[in-house]
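Trainee: Listed below are the residues making up each chain.
Number of protein chains: 2
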Amino acid sequence: MKKAIVLLSGGMDSAVCLYWAKSKGYECHCLTFDYGQRHKKEITYAKKIARISEEQHYILNLNFPWKGSALLDRSILIPFSKTVDQNKIPVTYVPARNMIFLSIAASFAETIGAEAIIIGANAVDFSGYPDCRPVFYKAFSKVIESGTKRGSEGKKINILTPLINLSKKGIIKLGRKLKVPIEETWSCYSGGKTPCGKCDACVLRNKGFAK
Amino acid sequence: MKKAIVLLSGGMDSAVCLYWAKSKGYECHCLTFDYGQRHKKEITYAKKIARISEEQHYILNLNFPWKGSALLDRSILIPFSKTVDQNKIPVTYVPARNMIFLSIAASFAETIGAEAIIIGANAVDFSGYPDCRPVFYKAFSKVIESGTKRGSEGKKINILTPLINLSKKGIIKLGRKLKVPIEETWSCYSGGKTPCGKCDACVLRNKGFAK
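As they're listed, the protein sequences go chains A and B. When we follow my numbering, the leftmost residue of the first sequence carries the number 1, and every step to the right adds one. When we follow my numbering, the leftmost residue of the second sequence carries the number 1001, and every step to the right adds one.
The reader is advised that the hints may include incorrect statements.
For lysine-lysine, the following DSSO-like pairs were computed, each having C-alpha atoms within a straight-line distance of at most 27 Å [what the hints assert, rightly or not]: (1) LYS1177/B / LYS1207/B; (2) LYS1207/B / LYS156/A; (3) LYS88/A / LYS1155/B; (4) LYS207/A / LYS156/A; (5) LYS1142/B / LYS138/A; (6) LYS67/A / LYS1003/B; (7) LYS1155/B / LYS67/A.
If you only want the chain A side, here are some residues facing chain B, beta carbon under 10 Å, derived [as the list claims (entries may be wrong)]: (8) PHE80; (9) ASN98; (10) SER103; (11) PHE140; (12) GLU153.
Hints in this document: simulated from the structure, not taken from any laboratory. Computed from a prediction, not measured in an experiment: that's the story for all the values here. For every residue, glycine included, the Cβ atom is placed at its ideal position computed from N, Cα and C.
This is chain A alone, in the form it adopts within the complex (with noise of 0.2 Å):
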């Protein structure tokens, strides 16, 4: 059976992400990062997806003595979506966060022979976070490709985003096709018991069910 790394946040994308690798028949071996974010509510929904799914799941602690970024500083105010200016990037971009996530799933591919990893990156309804831009997903398969053994030995390690050219809406779609179990999934930046409703991830969120 093929395999494939899934990065699982706990938030809706990601949760579609899986069971559209399990719809394509591959053995998920999904990874979850626990890197200090204020939202840290999202892996025990992450814990609940994959549990649900019955795919095999794995969290990883990261801690990095430096922050950079709104979701890990809590002196920085996560901003109100309609505050955010759409020509910056958010303060809460995380630096170099996927690169970190991507390249921790290459070494799990690598060691298990998954031949690829599926995140839930969108570059349509999405924060502008340039590290969810298809350019940066081509770079980082010339990466894969000549950074590991695998590579070397021409096989591949692809890198999936099958919501990157999706909006919102049409990721909640393909969701309800797959039988996602939405309800179960976490998207609020704010780390408060309940979704705030404010923030970018909500706004995105209830603009897309709306739609």
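Guided by the hints, dock chain B onto chain A, whose structure is given.
Mentor: Same frame as chain A, now just chain B:
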């Protein structure tokens, strides 16, 4: 003062890189990884080098539930250098190691506004690891350019590999010129109290000194 992240393993090559960076006027922020390596002793040497150089030093823990390398898995023997097939990547290769290190360094660089990441990779007297070759570093530069906020703003985080085309003899000569305390570095893979003299790391080092 311009800043650099220096990947400092505790081996000779990265120590030479640190002193090279100092000679170029960088304020150095050294990163050492405790990633479950058998030759954990190198970390003690990284600490010594950082202390002697009077630069900042951070030791980060990375513990992943997979291995895939003789450097991580004590059930795999470290091969004697003379028995290693030069046309194959040896079992001491650690899947995606430099990829993970560079990603984390990129996150740190972006957070503190460092303009360079310096790594002691070498593609001359080396063990044939794919992630020590120029093509990998060129590809990784594109990842940083496309996947970071700093890159999106047109600012650079350059990956510098000052030793990549030097022989081991050349590295030692450079180290002596820069007054690197080479006696305070550790190269052996085998994890013993004294260098085994037989692994690739020992043999390459000793040949360099002999020459």
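Trainee: Does the nearest C-beta of chain B fall within a distance shorter than 10 Å of the C-beta of PHE80/A?
Mentor: PHE80/A check fails; min Cβ-Cβ to chain B is 20 Å, beyond 10 Å.
Trainee: Minimum Cβ distance from PHE140/A to chain B below 10 Å?
Mentor: Holds, about 5 Å.
Trainee: Please work out if LYS1177/B and LYS1207/B have their alpha carbons no farther apart than 27 Å.
Mentor: holds (19 Å)
Trainee: Quick one, are LYS67/A and LYS1003/B close enough, alpha carbons at most 27 Å?
Mentor: holds (17 Å)
Trainee: Less than 10 Å between beta-carbons is the criterion; does SER103/A satisfy it with respect to chain B?
Mentor: At about 4 Å, which falls below the 10 Å cut-off, the nearest Cβ of chain B leaves the hint on SER103/A intact, so it holds.
Trainee: Checking one constraint from the list: CA of LYS1207/B to CA of LYS156/A, max 27 Å. Satisfied?
Mentor: Not satisfied, since the Cα-Cα distance of roughly 36 Å exceeds 27 Å.
Trainee: Assess, step by step, whether the Cα of LYS88/A is no farther than 27 Å from the Cα of LYS1155/B, and give holds or violated.
Mentor: Roughly 15 Å between the alpha carbons, so the hint for LYS88/A and LYS1155/B holds.
Trainee: Do the numbers back the hint for GLU153/A, that is, is its least Cβ distance to chain B under 10 Å?
Mentor: With Cβ-Cβ at 8 Å, under 10 Å, it holds.
Trainee: Is LYS1142/B close enough to LYS138/A, meaning Cα to Cα at most 27 Å?
Mentor: holds (10 Å)
Trainee: Between LYS1155/B and LYS67/A, is the straight-line Cα distance small enough, at 27 Å or below?
Mentor: holds (20 Å)
Trainee: Is the Cα-Cα distance between LYS207/A and LYS156/A 27 Å or less?
Mentor: Distance ~37 Å between LYS207/A and LYS156/A Cα, so the pair is violated.
Trainee: Let me know if the C-beta of ASN98/A comes in closer than 10 Å to any C-beta of chain B, holds or violated.
Mentor: holds (7 Å)
Against the hints set out earlier in the document, violations occur for numbers 2, 4, 8.
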